[in-house]
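Student: Let's have the full structure, built from the sequences with the hints guiding it.
Protein chains in written order, with this note's numbering: chain A, 1 to 222; chain B, 223 to 444; chain C, 445 to 666; chain D, 667 to 888; chain E, 889 to 1110; chain F, 1111 to 1332; chain G, 1333 to 1554; chain H, 1555 to 1776.
Heads up, a few of these hints could be off.
Claimed, not checked - In silico SDA-like links for lysine to any residue, alpha-carbon gap of 20 Å or less:
no.	chain 1	residue 1	chain 2	residue 2
1	H	LYS1590	H	CYS1562
2	C	LYS485	A	ARG57
3	G	LYS1336	F	ILE1254
4	F	LYS1114	B	LEU348
5	A	LYS41	A	ARG57
No lab work stands behind these hints, which were simulated from the structure alone.
Number of protein chains: 8
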Amino acid sequence: MALKSGFCELGFAKVDIDRQRRRGFAEAVYCPGKTKEHLKKISGELIKNKQDLLLTRLDKFAFAYLKKSFPGLKYHPLAKLGYLVKKSRAAKKGLVLVVCAGTADIPVAEEAAVTLEVMGGRVEKLYDVGVAGVHRLMSNMDVIRKAKVIIVVAGMEGALASLVSGLVSSPVIAVPTSCGYGANFAGLAALLTMLNSCSPGVAVVNIDNGFGAGYFASIINR
Amino acid sequence: MALKSGFCELGFAKVDIDRQRRRGFAEAVYCPGKTKEHLKKISGELIKNKQDLLLTRLDKFAFAYLKKSFPGLKYHPLAKLGYLVKKSRAAKKGLVLVVCAGTADIPVAEEAAVTLEVMGGRVEKLYDVGVAGVHRLMSNMDVIRKAKVIIVVAGMEGALASLVSGLVSSPVIAVPTSCGYGANFAGLAALLTMLNSCSPGVAVVNIDNGFGAGYFASIINR
Amino acid sequence: MALKSGFCELGFAKVDIDRQRRRGFAEAVYCPGKTKEHLKKISGELIKNKQDLLLTRLDKFAFAYLKKSFPGLKYHPLAKLGYLVKKSRAAKKGLVLVVCAGTADIPVAEEAAVTLEVMGGRVEKLYDVGVAGVHRLMSNMDVIRKAKVIIVVAGMEGALASLVSGLVSSPVIAVPTSCGYGANFAGLAALLTMLNSCSPGVAVVNIDNGFGAGYFASIINR
Amino acid sequence: MALKSGFCELGFAKVDIDRQRRRGFAEAVYCPGKTKEHLKKISGELIKNKQDLLLTRLDKFAFAYLKKSFPGLKYHPLAKLGYLVKKSRAAKKGLVLVVCAGTADIPVAEEAAVTLEVMGGRVEKLYDVGVAGVHRLMSNMDVIRKAKVIIVVAGMEGALASLVSGLVSSPVIAVPTSCGYGANFAGLAALLTMLNSCSPGVAVVNIDNGFGAGYFASIINR
Amino acid sequence: MALKSGFCELGFAKVDIDRQRRRGFAEAVYCPGKTKEHLKKISGELIKNKQDLLLTRLDKFAFAYLKKSFPGLKYHPLAKLGYLVKKSRAAKKGLVLVVCAGTADIPVAEEAAVTLEVMGGRVEKLYDVGVAGVHRLMSNMDVIRKAKVIIVVAGMEGALASLVSGLVSSPVIAVPTSCGYGANFAGLAALLTMLNSCSPGVAVVNIDNGFGAGYFASIINR
Amino acid sequence: MALKSGFCELGFAKVDIDRQRRRGFAEAVYCPGKTKEHLKKISGELIKNKQDLLLTRLDKFAFAYLKKSFPGLKYHPLAKLGYLVKKSRAAKKGLVLVVCAGTADIPVAEEAAVTLEVMGGRVEKLYDVGVAGVHRLMSNMDVIRKAKVIIVVAGMEGALASLVSGLVSSPVIAVPTSCGYGANFAGLAALLTMLNSCSPGVAVVNIDNGFGAGYFASIINR
Amino acid sequence: MALKSGFCELGFAKVDIDRQRRRGFAEAVYCPGKTKEHLKKISGELIKNKQDLLLTRLDKFAFAYLKKSFPGLKYHPLAKLGYLVKKSRAAKKGLVLVVCAGTADIPVAEEAAVTLEVMGGRVEKLYDVGVAGVHRLMSNMDVIRKAKVIIVVAGMEGALASLVSGLVSSPVIAVPTSCGYGANFAGLAALLTMLNSCSPGVAVVNIDNGFGAGYFASIINR
Amino acid sequence: MALKSGFCELGFAKVDIDRQRRRGFAEAVYCPGKTKEHLKKISGELIKNKQDLLLTRLDKFAFAYLKKSFPGLKYHPLAKLGYLVKKSRAAKKGLVLVVCAGTADIPVAEEAAVTLEVMGGRVEKLYDVGVAGVHRLMSNMDVIRKAKVIIVVAGMEGALASLVSGLVSSPVIAVPTSCGYGANFAGLAALLTMLNSCSPGVAVVNIDNGFGAGYFASIINR
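Tutor: What follows is the structure, given as structure tokens:
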């Protein structure tokens, strides 16, 4: 395996072993479309170069395959995340709250929460507080107000992000999910809702991108 | 002018003079794309046949032209509605509340409110209670709860309709507006939001269709 | 299970046990994306708190699982609705008519009809009266005229909603379905048709949302 | 001006003077985006080569300019058609009926009707028979049934095409118009409606394409 | 089974037995979304009332089921059409040519061709003459010119319809297909191409709607 | 003017005078769709209640009108922002860098920068560093690396956000602009680019929403 | 004006004076959204640094303003290109043919042709050869075959690109234009057509991007 | 099998045996939607007429079937290409570089590379150099600069094409891939990015169209 400055040349991949130094966290590996052999080689290279390992959208079969080579690898089946973080990190100072609108949004919310934990953050969760029963949200204003950063995960109409944002001074990272049907158009409805928030203080990541929200929350929580 | 059963033949138009009997309210005339001479002939025919007259999206110039022929014609410039309702109606029994999210949504909200009044309803208004400052809505729960029907008018992300619906047992008629910019796509964002409401009890009309909301509210308020 | 004011805290869910008091009907549970264990816990909580139980888009396998714990649970396989309504309700006063355009729209129409029945309404059905053979509709003007509320379910071009609305004084709740192919774009064509109805008195719910139409019809039929 | 086989080379244009022989009618000139000088040269070339002249979407200023050079040029301002048809044609045998849903659709309907007349057809018109008052259509079943070809022009939800088609054995050429607002999306709603007609016997042309409908009707009316 | 004027009431369906008299051809049955029992009852009713039977998008399993009850039923597997036409028809006078761009478009082309034959037309076929090798089309100008009506079936960019139309005086019915990938967007590309034909004389049916094209061609070929 | 808890009731508006306490910054007033009289009343109410004043998308005519009543009002014509901030704020600790891809994106970038300054931040600007000449970006790695937060403003293909994010450990707030033409679809292209960033650490606001980006940057820079 | 390596720092712009060396042609300046003062400064800087000057989408007013400072500046009003190319270039070896479908596409075609000439290429033009009269194209096979590169500019359905490509061995650069109406959706139809070409050998640039096509043709013509 | 000038008539297909002479390379066969028997007949005809054989999107089962009849047929499983090129070609003079952004884009990149090799080109590959770690690209400037043509394959946001183009004087052929999720919309995001490249010198092919890119690169590399 050729070594060039800052990355390892595997031919089919150029593993970015400079990422942890440059960006504060190692290259996360997006698993769909990669064979399990490719995943093994990339993971091995990252581990060898003392990078943290975070595998996103990893299915359980590929995890089982990788586990044989990397016994320390952990897996969160709902979040579909595999990870192997070698040394403990100093805890981030602020609390990140992961809020979701409905039970069906939990896998995406968990992807955000696990990402945060892997990156060293303190996380609390507030699930199933969609606007159809807003007293569930209002009863939890204490934890909402004490969070330094809030991730709001919602499908269907995605109204929760604006609402939460209007209640607090903290930044809200909005994650639209593809949960819903019909004119939801696989998450488009929630995405547009969140982008058009009448309440400032909301920024948006891709549909179902719990990892991206967790990552972003982690780097603003310093 | 030829008279056929239930309508007047004007050649360029067939004025439906059976509408009031059949549907409970006369044919409302959608003005865009009609010349002022056409509007005058259609209006004259409706009046002659003892139908109420309601002209939607009427601009002030066409109104001034029509006013000369029909001195009793009234006009609401913000709602762009002209109307001439000949006999007083028995008031509808319930209260209809017209709620809007922001000041820029008022023209559409007024179109709904004036339509309701012309059709004989009792209307109250609650304007500028968007989710960016939800206490403005929560401080008005009394009027929200006493309404028999609620019209929610909102642009940008349109989150208000779901939220209001979740608080009450009354039906919510949601009107998306084209107020906003960018990924609002001229009202598409608010439209999709409202169609995907996680709170049941919401039905939706076309973007900026205050008239349609007022009409629908009127016929369910019996 | 923690109990907060108005909801039960299950961690993964906050069951809204205030819904029946606040909104007149209990929280309906949208099943896709929830595990069968989750459904069981949520259902159990609702039953324990004397809420009616309505499970939407419930597949037959999850029903069979739930049936073991809740022997009184009923299931309508075409409508994919599970329900357990504990005490009889006073019948709503008006008749709701569920109209559908074609045989392939029946599952959505049934979802509306069963929802109405569960919520205590009187329902009649008029199926397969699409505009390709309009005499089928015209031969049934008696039942159409006597309905207090009409639900129109149609896929393909969805023209039936405007047509029915133009014949009556009752409100029409339009449900576009995803039945069709090609430029139907999974229900988008029928949705746009219904939103643009030239006949006022039509309000629209999400594509394939029979439950939402039934719910809305029920609350305006008081 | 160079002459090649079947067309005249003007540099900026290659006027197809073989069109009348090959296709039965001369090249119609689409005017938008062409300067008035270009229109003059193209028109002159067509006239010189004994082709019929039909100018579509011609504005009144360009018409006034062309009229000076071609005194025989006629103009229909609503249809925005200029034409100079040199010799009379044998009348087509069947009747073509141009139906439109609302008064605002008349310009497109007239474009179809004038095109038909210029091409030698017999035309009748039935305007303002939209589905909001279907008795206006049903009162005219005699003329609808006697037509050999029917053009249906409709904006908003465009439901009229399916309905008319379901009543007759004649072909229906459907023309969606951009008349409407909001979720009409400049004619997209009516276009999709017509493409998804549940009634067979409908074919569709471009939004606002009255000329195309008239042309197609003319060539199937032989 | 209740009998009303012009249709048979089956509860789940209202079979239009007036269609053949009114429109010249019986109700074609669109099979997706109907159970095989429903198909059997509808088919039986049509046969009993001496209507021709044409079943579109019928899969082979449902055909096998129906065949047991209706031994005369025929099936074309590529076109997915089942049919049972009881008495011979006088042949239509003109020739209809079905043209397709590529081999992958043949199922849709066959659906058009079989529909035409079932409805009594003379059909010829010209397959695989897409614009990538235009000499294949140009070598067949004799059959193209002698057709009274031409159906052009094309996926991918769908350019063939405009091209064929520019060569002839006959009407072209364009059928976009979903054949292609990527920015084809399941037939949208070909659909838009055909709607925007710079050559007049083209009308369009829904994506993959071979039946609709065949039907339309049949009724203009009289 | 009625005073309710936390807002002032103006009838057409409910001015949120609790916003500064609750969220750390006063209600920003979105000006489009509001009359200048409305703007004056809202502004007056905010000033009277000791809230900072920030008017977004304010045109110069409305500014001139307001200036007469509020002499202290300042205006940035490129950013279209009016503001009147009464007491000086403690400077935020980190540096925010506003980067834009091309000169045509400057108005949106300025809207972000002025918002940041009004909210008390330290701002630097790096303009015209689009990927067509990446050395312009690479020559400025020092300022890019020292920023605590980076706002990237880009139209056309919007590639700059991913690229910048890949170079740093700071969060990137991406603002797509409507600068471009054709398949840019008024900013949709850049919006989708930014939402799909292969580099984590990017969150997105609405098209042309410089204010939203500045606001978000300000609240994460604490 | 600060000078960094390879570009000039103007604050609002960073003029890329390394472009000619690096890419073979200087930075072309996209004018919309830039003030005329900005254009003057950028142009002056490019000239001072001996870069060729090419200004795209320059309107005539800005040209008149710039002409005062740069008397050598030339302008092509139809193509909206300003240019000042200081030294003559060796002619490129191959011939580039610019083909357009209709007269209304000429401005975009001219933008491509002038760009090619400014960059030193040999250009011929073949205008108005759309598929509605394909003999106009077929009569010009000699020039089509002798071209080394072909640019095809077409609006409406954009079918010409596939057709031309199928006839030759040369590469075809396809430029969709926004010429058309209705379901053309401002060039989307032609864009999709060209992207889905069934004939390989076609690559596509943005809608109306004559400059981009000319540029690409120039760099492959070496 | 009938033989007409330049193609073989198989009924279901017209094999273009003039293609190699006319265009420099034989007809490539797009396999989806064709039966394996059809593929065998078409392939046999091409071989018999001494045309090169290239089968795109060929699945492994159809390959195995064809291999029995054509033992010389080769297959590349990742690129899904089958090919049988009978005589060696003179190598093209320039080097074509195939660049891809991520490992998941490799199948499309390989389709381009194998197409190039089959057509006689010299190819090098540079994989996994996406903008999230731009040093991987910058470390390879030597190979990037020496390429005569560059193909850039990228999914997600597709930013790589603009970036590479800005570094070189060579043409860039951009291939968007459907790799990604959510607002990627199956490749639409990358497609729009590439069409809107701020860097001139980029032309685009259809989503996932590696074959088209390879073909285009081959014909400009002469």
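Student: All the hints need checking, so say for each whether the structure fits it.
Tutor: Do the hints match the structure? See the list:
Between LYS1590 (chain H) and CYS1562 (chain H) the alpha-carbon distance is near 18 Å, which keeps this suggested pair within the 20 Å criterion. Among the hinted pairs, LYS485 (chain C) with ARG57 (chain A) is inconsistent with the structure: their alpha-carbon atoms are about 28 Å apart, more than 20 Å. Proposed proximity of LYS1336 (chain G) and ILE1254 (chain F) is supported: the alpha carbons are some 16 Å apart, at most 20 Å. As the CA atoms of LYS1114 (chain F) and LEU348 (chain B) are separated by approximately 14 Å, the hinted pair is consistent with the 20 Å bound.
For a cut-off of 20 Å, the pair hint linking LYS41 (chain A) to ARG57 (chain A) stands: about 17 Å separates their Cα positions.
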